[in-house]
Every structure is written in C-alpha cells, then in structure tokens.
Amino acid sequence: MERLSFTYPARQAVARRVHVGVVGSGDLEVLLEPSNDAQAHVAVTTSVDGFGTVWQHVLDRFFTRFDAAAAIEINDFGATPGMVLLRLEQAAEALRA
Amino acid sequence: MSTPPERARFLARDSFIELTARERAVRVLDAGSFRELAGPFDRLTSPWLPLQDIVTQADDGVVIARGTLEGHAAVVASIEGAYQGGSIGEVSGAKLAGALELALRDAGRGRPVRPVLLLETGGVRLQEANLGLAAIAEVHAAIVALRRHVPVVAVVAGAVGCFGGMSLAAALASHLIVTRQARLGMNGPEVIEQEAGLAELDALDRARIWSLMGGEQRYATGFADALVEDDAAAIGAAVRSAFASAAGGAPRSERVASLSARLAAIDAAHPPEPAALRALWARETGA
Amino acid sequence: MSGAELSRIGLTWLEALTGSAGLLEEPPRTVRVADAPLGGENARFIAVVPDADNRFPRARAGEVGLDEALALARQVRRTLAEDAGGRPRPIVALVDVTSQAYGVREELLGIHLAAAAAVDAYASARLAGHPLIALLVGKAISGGFLTHGYQANRMLALDSPGVQLHAMSKQSAARVTRRTVEELERLGARVAPMAYDVGSFAKLGLLDRLIGGVDAAHPTAADLERVRGELIAAIAAARAGPPDLATRLTSPAALQGRAASIAVRRRLAEQWDAS
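Top line first, the protein sequences correspond to chains A, B and C. Quick note: the first sequence uses this note's numbering, first residue 499, plus one each step. Quick note: the second sequence uses this note's numbering, first residue 812, plus one each step. Quick note: the third sequence uses this note's numbering, first residue 237, plus one each step.
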C-alpha cells in the first residue's frame, strides 16, 4: 500500500460533494469535495506500490481539463490508468450535473 | 448493426446483481426517497485494515439508507460485494447492527421502520476476525428482537452470495428472497475444501456447488420464501410483497420441531442427492 | 480424519459444576444438559462435547454440526417452555467448540438454518428474561461460538492458554489470508482482533470477566467455588440489566477496543431522523 499526494492550480469553486466507484479489484473510489484553499488536492491511497510516476501522468492529463478547487480522495485497488481517468471523469461529470 | 433477440433481451434487462450496493438501495426504496446515513463522507473506515497495508473504502462496504417503501418508513442495509468480498469488519458490522438496533428502538416507541437487508457477503472479514464475529452476533441479536415488532426482509441477489455467520442472519430473517444466481451457505466452497479436503468438495466444481447451495435449490427445499429474476423491479416488488404478506406463521428459525424431525429422517451415511432432497423437503411440507 | 485428541474440557466443567455428565435420553450425545443449584436457585448448564462416533463425520471433534445446533435449539426452547409463567432460570453455556462443521452434507441439509435456530433460541431465552451466561473454558471459534455462547448477555472466560477465540482456525486463516501461521501470530500481537488468546480478546471489551488462576483442564474445589461465585454475580448482573448485549459496548475496555463500533452507532443515531 502506498500513499501519494498531488496539488494542482484551480480556478472554479466546487459547490458539492461527489462519490463514485468501489474499491473492488481493478477499480477505485473517488471522493470529491470543496478544498479549503484555491487549489486542487489529490490524496491517493493505492494497493500497488511504485507507480507514482504513472499517477502523476494520469492526474496531469485529467487536470488539463479540470480546474475546480476540489479535495479529491482516491482509494485504489489496482485500477488501470484508463479506469482511473474514467472514474475521475465520472466524478467531474457528476459535479457538473 | 443487427441485434439478435437474445442480445436485445440481455441489453434490455435491468440487472440487480450488476448494481453497486448504493445503487441497489436506491432502487429498492421508493423513487427519490433514498437518504444515506454514515456515508462515504463521514469517513467511518476500518481502523484495522491500514495496520495490515490494505486500502480502506470510505463506507467500509456497507450502505445504510433511510427512505420509504410504499410510503412506509424503511431502512435498507446493503452490502457491497465488490469490496473485500462483502466481508464484515468492525465498521461495516456496526453499521448493520446499529441500523437494526435503531429500527428496534423506533419499533419499541410505536414507530415501526421496515428493515431490508441486501446481503452479499463472504462472512467475517478475517483481517478483523473477532470484531467481525462480534458484530455478526449483534446483527443476529437485533434481527431476533426486531422481528417481533416488524418483519425483517432479506435479499440474497448474487455475485458473492451469503456465507459464514451472515448466512445465519439470512436464516433469521422473517422473509428471505433469492435469485437463481444467489448462493447461500454457512461455509463457502473454498472453506469446505480447505477444512475437509478435495475429496469432500472441489471448490471449482461450479455445477456441484450450485446444486447444493444455489438459490433455486434453496427455494425448492424450503430455505427461502421467494425466488425472483435478477431484475431490479422484480426484487423491489418482492420486497414490498414480503411486507404485505409477512403476517404468516412462525419464522423459519423458530420451527425447531419440524426442522429436527426432517433432519432425523435423513440417513447421514447415505444422504440424498440435491435433486432427491427437493422431493423430500418440498416447500409445501418443509420448514 | 485427523488423529487430534478430542477435547474433554466442556465435559470436565459440566461434571465439575453439576456432578453429572448430562442427559443422554435422546440423541445426539454431543449436546449435554444438566441442572444444578447455583446461588440458591436451579441453573441449567449446556455443553457441546465431541463424539468420535457422531453420525455426521464432519462433527466428531467438538464442532457444532446439524444435529448439535438443532439439539441446542431444542434444549433452550425446552427450558423456555418449562419456565413459562414462572421465574426464568439461569442458563449457562459452557463453551468449548472448535468451530461449526464443515462439509457437503452440512451445506446440503442447511447447517446455516440449524445454526440460526440455535442462535434464535438463545436470543429468545435472553429476551424472555433468562440470565444467559457464557463461560468460556476452551475454544470459541467461528460458527461454533455464534451458535453456543455468543448470544449471552454476560460472557466470562477462564484466563487459560486453552481458551482461544477467532473467526477461523489458525491453519485455515493462514491459508485464506495467504500468510504463514507465524506471520498470523505476529499480526495478532499488533492487531488485537486478529489474536487468538483470551487476554487480547478481553481488551476488545466483549468479556464481562476474565477469571485468572484457574486450571481449565483440572479445576480444583477452590477453582470451582470461585467460578460459581463469578457465575452467581453474572446472573445477578444480567437480571439487573436489560436483556440485550449492551455491556459489550459500554464496558471500560470496549471504549478503547471497540471505539469504532461505538462511533458508528453514534453517527447513525445522529443521522437517523431527517433534520
């Protein structure tokens, strides 16, 4: 198990909380809520050690299109990068809905 | 793109089994009435899994929701089978027991709340062993006490099934609903193979396992009250009808004399095959 | 079958506390019941004991199998019926159970329902006002413990190496969690609910009394006097309190050992009614 944290600049405020996903095999859950500053913070807990760079790339990509000041908690049980992006997009979608 | 009829049916079906625990609770309750208690943002997670380097889930794999069933106050406890096999740890077990205890408190005050258990669990979470088992004993205690005030309805839909101490919870319920995809047993196939050896049971022999503990067999031999399709609307209807009709006789787990009589008639050295047991313990005459 | 020696501890305590090996008027021989005076009233003692000739082969080593679970249910329900309208007598479950019985026959014939019938009977007796005391003298493992002892409103245990508690036998738990038995033991030292020893169990707050200095295998007359005294006190406490399992959440040890169990209930209660 490994814990990672990331910070991204943000412009929009977040008005609500969103939860998607399950910590099942090859899956993850995302908890998204307003952050207490003007930045986005991501706290990842993953069952698979040693993939910090991959997480960095996946999140960099997500934050090219997402600029909300969100505190995002990710609990991961070995999801692929594609699955991580899918769940993040789902959370972002639910935020907009 | 052409769509053969069976594929169209497959696409049109509204599978309950494929839903998450939260979606299941939403679908069982009256539309729009779902209100979650002690949800993911309460972050009541397992204190014991991080000590063992295991990732927690923010709801510890159990969703508790208040809402209504045909307008009557209700509480649904739904276990997430995809997280740690639906296993019962300290927190997930306390959510189940705590919800039932609050329903009992309200029933005692003349405010009955209809309790529904959506069971999808391998039983005790071994990483929290004694505290999981303790919570299951408290779930049992709460069901027996609550059942005197209001029917307790349980559903085993499928994917994981319902095993270990939680299979006793299913058996204690006033009314048990299963699908053909459900499995219900005290000991899962893997545990039996480990404890008793391959000669006793090959845990990979799916046909054998389903013949022993599958939903259809359990219904046919009197261990369940309703056999329904894997369909969200059908399961919701079965839950509502269970509350409407639950005035019936003694709960299954109280029928000690008839259970004893039918077991005494079994030759332990040459037990019947599952198909033969259906004839012996047909629903109409069984417990 | 393994050649492991069958535990005599349950029978030892039944004989020591009641002067009888229990009723054998009807099968199975594995569920023994005897009455004996205790603190000026009659108490009913129930033990599950091994039988190498059990008709169900997977229940020969002290497991709670199909016949055992239903016999427990019958005996407890008989006690309920006998005392209906009168003063509910104390029921003492002497606990030395290796587990539930694991087998194909057991699943086919619905051991989950038989076990539920035992749980139901014990819980019903407690709700009817019978002081229900579990005295842990040996193993209290998994489904065996759920069916025989875990519905008690007071739980006492001998502080003895032979008293072991868990959700699964050590060997099986090791296989299922992909650890060695040694790793499991080290983990138990760090993660209290994973431990098998009764001292760790006591830290969780589920026990009302941990009785030290008693020889579980060969209790002396003085040991028996002490244990009787503890049982009498537990019966009085059970009668004075509600017929539920509340002490398991309110004991001083539970405030630490089951802090999450308490926190979850508090949160549920806060949110139960819509604001």
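By construction, these hints were calculated from the structure, which means they are not laboratory data. Be aware that a few hints might be false.
[As the list claims (entries may be wrong)] Which residues of chain A face chain B? A partial, calculated answer using Cβ under 8 Å:
| # | residue |
| --- | --- |
| 1 | Met499 |
| 2 | Thr505 |
| 3 | Val521 |
| 4 | Asp525 |
| 5 | Leu529 |
| 6 | Ser533 |
| 7 | Asp535 |
| 8 | Thr543 |
| 9 | Ser545 |
| 10 | Asp558 |
| 11 | Asn573 |
| 12 | Phe575 |
[Claimed, not checked] Residues of chain B placed beyond 12 Å of chain C at every Cβ, according to the derived structure:
| # | residue |
| --- | --- |
| 13 | Thr831 |
| 14 | Glu834 |
| 15 | Asp841 |
| 16 | Asp871 |
| 17 | Ala970 |
| 18 | Cys973 |
| 19 | Glu1001 |
[To be verified] Now the in silico label distances, taken between C-beta atoms and shown as ranges:
| # | chain 1 | residue 1 | chain 2 | residue 2 | range |
| --- | --- | --- | --- | --- | --- |
| 20 | B | Asp864 | C | Gly449 | 48 to 56 Å |
| 21 | A | Met581 | B | Asp864 | 54 to 62 Å |
| 22 | C | Pro397 | B | Asp864 | 25 to 33 Å |
| 23 | C | Pro478 | A | Arg509 | 55 to 63 Å |
| 24 | B | Arg1017 | C | Glu277 | 27 to 35 Å |
A virtual CB, placed ideally from N, CA and C, is assigned to each residue, including glycine.
Here is how each hint holds up against the structure:
1. Met499: holds, 4 Å
2. Thr505: violated, 21 Å
3. Val521: Holds, about 4 Å.
4. Asp525: holds, 7 Å
5. Leu529: holds, 6 Å
6. Ser533: Violated - the Cβ of Ser533/A stays beyond 8 Å from chain B, reaching only about 14 Å at its closest.
7. Asp535: Cβ of Asp535/A sits 19 Å from chain B, so the hint is violated.
8. Thr543: holds, 5 Å
9. Ser545: holds, 5 Å
10. Asp558: Violated, because the Cβ-Cβ distance from Asp558/A to chain B comes to roughly 23 Å (cut-off 8 Å).
11. Asn573: Hint holds; Asn573/A Cβ to chain B Cβ min 5 Å, cut 8 Å.
12. Phe575: holds, 6 Å
13. Thr831: Its Cβ never comes within 12 Å of chain C, the nearest being 20 Å, so this holds.
14. Glu834: About 20 Å separates Glu834/B from the closest Cβ of chain C, which puts it past 12 Å; holds.
15. Asp841: holds, 14 Å
16. Asp871: violated, 9 Å
17. Ala970: holds, 19 Å
18. Cys973: Not fine: 9 Å to the nearest Cβ puts Cys973/B too close to chain C.
19. Glu1001: violated, 8 Å
20. Asp864/B - Gly449/C: 48 to 56 Å: With a Cβ separation near 39 Å, Asp864/B and Gly449/C fall outside 48 to 56 Å, so the hint is violated.
21. Met581/A - Asp864/B: 54 to 62 Å: violated, 21 Å
22. Pro397/C - Asp864/B: 25 to 33 Å: holds, 30 Å
23. Pro478/C - Arg509/A: 55 to 63 Å: Hint holds: Cβ distance 57 Å, inside 55 to 63 Å.
24. Arg1017/B - Glu277/C: 27 to 35 Å: violated, 55 Å
Checked against the numbered hints above, the structure breaks hints 2, 6, 7, 10, 16, 18, 19, 20, 21, 24 and satisfies the rest.
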